[in-house]
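A.B. asks: Below are the chains, spelled out letter by letter.
4 protein chains.
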Amino acid sequence: MPGNSFGELFRVTTFGESHGPALGAIIDGCPPGLELSETDLQYELDRRKPGQSRYTTARREADQVRILSGVFEGRTTGTPIGLMIENTDQRSKDYSTIKDLYRPGHADFTYDKKYGFRDYRGGGRSSARETAMRVAAGAIARKLLKEQFGIEFFAGVTQIGPHSVARDSADFAWPQVHENPLFMPSATVAEAAGEYLKDLLKQGDSVGARVRLEVTGVPAGLGEPVFDRFDADLAKALMSINAVKAVSIGDGFAVAGQLGSEHRDEISPDGFLSNHAGGVLGGISSGQTVIAEVAFKPTSSITKPGQTIDRFNQPQTVVTRGRHDPCVGIRGVPIVEAMAALVIADHWLRQRAQNGK
Amino acid sequence: MPGNSFGELFRVTTFGESHGPALGAIIDGCPPGLELSETDLQYELDRRKPGQSRYTTARREADQVRILSGVFEGRTTGTPIGLMIENTDQRSKDYSTIKDLYRPGHADFTYDKKYGFRDYRGGGRSSARETAMRVAAGAIARKLLKEQFGIEFFAGVTQIGPHSVARDSADFAWPQVHENPLFMPSATVAEAAGEYLKDLLKQGDSVGARVRLEVTGVPAGLGEPVFDRFDADLAKALMSINAVKAVSIGDGFAVAGQLGSEHRDEISPDGFLSNHAGGVLGGISSGQTVIAEVAFKPTSSITKPGQTIDRFNQPQTVVTRGRHDPCVGIRGVPIVEAMAALVIADHWLRQRAQNGK
Amino acid sequence: MPGNSFGELFRVTTFGESHGPALGAIIDGCPPGLELSETDLQYELDRRKPGQSRYTTARREADQVRILSGVFEGRTTGTPIGLMIENTDQRSKDYSTIKDLYRPGHADFTYDKKYGFRDYRGGGRSSARETAMRVAAGAIARKLLKEQFGIEFFAGVTQIGPHSVARDSADFAWPQVHENPLFMPSATVAEAAGEYLKDLLKQGDSVGARVRLEVTGVPAGLGEPVFDRFDADLAKALMSINAVKAVSIGDGFAVAGQLGSEHRDEISPDGFLSNHAGGVLGGISSGQTVIAEVAFKPTSSITKPGQTIDRFNQPQTVVTRGRHDPCVGIRGVPIVEAMAALVIADHWLRQRAQNGK
Amino acid sequence: MPGNSFGELFRVTTFGESHGPALGAIIDGCPPGLELSETDLQYELDRRKPGQSRYTTARREADQVRILSGVFEGRTTGTPIGLMIENTDQRSKDYSTIKDLYRPGHADFTYDKKYGFRDYRGGGRSSARETAMRVAAGAIARKLLKEQFGIEFFAGVTQIGPHSVARDSADFAWPQVHENPLFMPSATVAEAAGEYLKDLLKQGDSVGARVRLEVTGVPAGLGEPVFDRFDADLAKALMSINAVKAVSIGDGFAVAGQLGSEHRDEISPDGFLSNHAGGVLGGISSGQTVIAEVAFKPTSSITKPGQTIDRFNQPQTVVTRGRHDPCVGIRGVPIVEAMAALVIADHWLRQRAQNGK
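Chains as they are written, first to last, in the working numbering: chain A, 3 to 359; chain B, 3 to 359; chain C, 3 to 359; chain D, 3 to 359.
Check before you lean on any hint, since a few could be wrong.
For chains that are exact copies, the list does not tell them apart, and a pair is met inside one copy or across any two.
As the list claims (entries may be wrong) - Each computed EDC-like pair below joins lysine to aspartate or glutamate, with the alpha-carbon atoms no more than 16 Å apart:
hint, residue 1, residue 2
1, 95, 170
2, 359, 149
3, 101, 312
4, 204, 173
Worth flagging that the hints you see were computed from the coordinates, not collected in a lab.
Isolated chain A (complex conformation) (with noise of 0.2 Å):
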């Protein structure tokens, strides 16, 4: 199977460059019945699109999703969903300078190592442009994912750089997410990460962050062990994001420390005591909350000079140009979000397969 699609029962394929025509996305195997329309993807893809902020990048793009099939009367039919982003922001623009260029960071290098040559014009295909597809298609996973179960997505920014905030500290609250541009769950670290960023960007440089995920409602039985495991799927969606380094689940790397009657999850008739699992026991949800973190590695596009190799081996300085978000984990929120929808979209179709429910 090629890579440019993902699930195996709510299944979605890609397609589209940074700087092409259009960008698209087929959504397979999506039920019958659903009610979708335009608007119900566009709130999602509003929130991932650049230009929102002063952190992110200056590139203008409407992001405006076309539904071209599988919707007839207000509902899905139980056929392929087609969907259209045309690129409007096409400014025509001189590569010259780097169209020959491996950009450290970037992956110019291996996408012509891979392919023998590359769209060079925004980082083709490589360009965290192909996101948007990303969330549009999790947002209908979303959509029916509320409907069926009532599962809801927490997601936000909890490290910046030096500025992070813990999950138990009195100063975490998710609804702050939606107050502040850096989807930060809390206003006095946002500030902070905020003054940080302004600095960054004089500076010219850039950031990585941390993005935790909490999902509410996902039923217990989701998973196809022993590969196919409900973690598993999470940590090659997650990792499959642009610029993502590492996946846990629930207490993650911090378990490499942990006793075993410390990490184990006592049950009581009244449920589970506590959560170090994040929701997957054996590689099944297990009806808690499920709990993921990701890292995003800072924007490899900066303005200080940075030393690489040309197509021709010969040493070169690279600047880039136009101004870049100083920190892609900001704008990964919705990505994670609908990424973890698709997974968990495809798992209780396949587990519906196996039992009916």
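With chain A fixed as given, assemble chains B, C and D onto it according to the hints.
C.D. replies: For chains B, C and D alone, kept in the frame of chain A given last:
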């Protein structure tokens, strides 16, 4: 697709329960012409098998693998390779005390929720016994990759509870992994961790671990963006191992605190000047050493009593009898290598389909 | 996997309903470097499109295809190719007479049973309009195979009701297919069949057809036994075309009456001495011409009244208004070629993954 | 995906060569809770196994199947079911006369072209011996479908060379299939065909056959248009059986001569008035009896000398020694039923994923 297969073109499908008659696997897609014998598989299986040291379960298994097909006159034929290991140590045992219990930290609860009932003998399919077939299949992939590209796998336990060794420590040496029963790349840390584990065994407790993986010789160009990225599939492969709760690539979670100017690996005509990325850029291998880390949770089977419920939602106390690994991460080392080998073999074939190399 | 994708490595996913805004496809897995433009696709699309002769439906569609991604500077990049055709002829029409009817021979009944409701405008997803995207995708595969191996596709209508032409008839000539609107490889039979169809149109009836396919230049070695045989995948590909009810390879059903000494194709140092097998042995291409035949059922939309029921299980009489193809097999010719091309391209890549060639 | 798996959700993967140590299969995706024992599989295996009558090869195989996993306390657990049959009749034999020969009609030539070399003992993987595992897996699917829907499979040989029985003949009776060693649904035709085969054996020749399949009780709604149609997957399943050269659904190739007014199955409030479609409309099952036919080519292994070449392109004469089935279509009957059962089980689970039923 049900969940017991891994890989698209180098595809492994496994079966087998802890206390069933046998474990088995089919490897479909191994190219023809590879010299292969049972001996090639046995070495890795022996590393994983129980009863090797005081730190692993006392269960005695020969773990003797048979090749049932796909090899003729000492070479693979291109047809599917059938493997089988008979379970020899299936002592008749009284399961009446645990058959209705949901042992905390185990998959008992979730298997019951998913399937309606379960094979409760030794954990059934959710037992780590299943990983023997991963190791056997991985050994085939390793041989293939060694011959084709000279790829080498290095993995070891870098943390056991409070005892850890840093990669840049003078004390860190890969060859040490083969010199101590904890598979640690440091003699001194292994000794301290060994003492620690002895105490833990006396207390009837267990502890988590961190395992580091480095793979050299991986050619540039492997990975299928945008979803089947090399790192995304590696994350899935590693997260699918029993007890793994976190996976990182390159600098992992540390990237959330890094600057762009610090993280991006600059390039000179002689190659990359650093490897924060861990050998993957844009989801495609860069030719640098592939670096990953995983965290194993502590063994859930401990002799310290724990609170739980049974199938009838009645409160119960559970105490796991018999000797269990105090640290499952130790035997995880060959499994981590095996899963990485399966990912690389699979992506190599996927890449070869595209460009013939 | 939902059902709107075809192929493992050269993978096509389509969307679109008869009267929706657009049809589309994503071709994922096309190797990089192939020269490709919209013109390459348009020629085949024009052969399939309606309104070309008196024997096809009067629906007017430009069937103008756009390439939305995956091609840069005139060559494929290895990233997914997005295609779109806008539906231009969606005249607002009154569907009140048929929206609740199950037209005999159509998929109305089964779509309702499967999905609970359906897009009844022009057959929705079950319309042959969907095949436009097969032809567009197939055109890419054809170009690839032509360049790589010089593979050529020959297909034509060899039977329309009582009018047929035998392969060994003196009258049979492939070039004739391009000389008559019935795509028949015989001028005289085409003329007779044309007269026959004119009568049929007057009677408001339709007729079935047989299409023969020959593909030259297919290299030996394609096909993945035991299930994904070359002939098995070809059978699936052809049977998946609207209205096809039978598929044969080589001598087809005639083999039931043949002796072993008659059927087996003997071999000399100069090659095979006959081709009863139709170019496939043991599920693998032999290097001989690949030969297949398919039967298309008569168009179900006819003006002769038919007995049926509606959604409420009430008896109804149905009469299909408007002009429809009296013989859907005719426009099936480019679709048969396209599907065969998709199978061959896919199996070539699968074979190349195994042996690098 | 390599080629030794069949099905998306009820997925069978097989291994094994004619003269290797064993045949095996993994059935992944069988829902939990089905009562299953080796006895359930053995009945169908015994119908297929060699040495049952004078009309089948003399090879003696117990074909004793073992269930190695996935069943606990007599019921399937939802985990993969491992099956194995040891090859007992692997007489050491001298293959020196055929190891370099390409036997006409066999896969020797194509396996060599594909893989570079082959296991030449008894045809290796290309031997019909592989089909034992299809029958074993199919028996599980049949049991599931019988319990769930009361689905019944009827298949029989309707033509052997010049001897055939029409479906509407007074002489046609399904129960007869179990009364004669030719699995023919007519006592008189079976007797005549038996005499014919005896003569053929004396002449050292073989003959083709036609097999008809009818499946009752298939619910409406199975099949995933547009590519994974019910009939398309059935065509693939049947064409993937050794020696099959043609597959038809319903009226098959006869539709090329039918009128629309004749073919379309009209509907009354009491159901369909005819079944030309063979139980499939628009690629989705209609609830009517599913009807298919296949043609088996004559056995290629005959004692009549044949002209061929060896690996070194030298002309050779081949004579197959030992007793072989004079008509492979006979033992094809249980295989046809098995493959149909796999398709139906798979599509049922796919449909259940979509609508929960």
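A.B. asks: Does each hint fit the structure? Answer for all of them.
C.D. replies: The hints, checked one at a time:
1. 95 - 170: neither (48 Å within a copy, 44 Å between copies)
2. 359 - 149: Result: close within a single copy only, 15 Å intra versus 18 Å inter.
3. 101 - 312: Result: close within a single copy only, 9 Å intra versus 54 Å inter.
4. 204 - 173: Intra 29 Å, inter 41 Å, cutoff 16 Å: neither.
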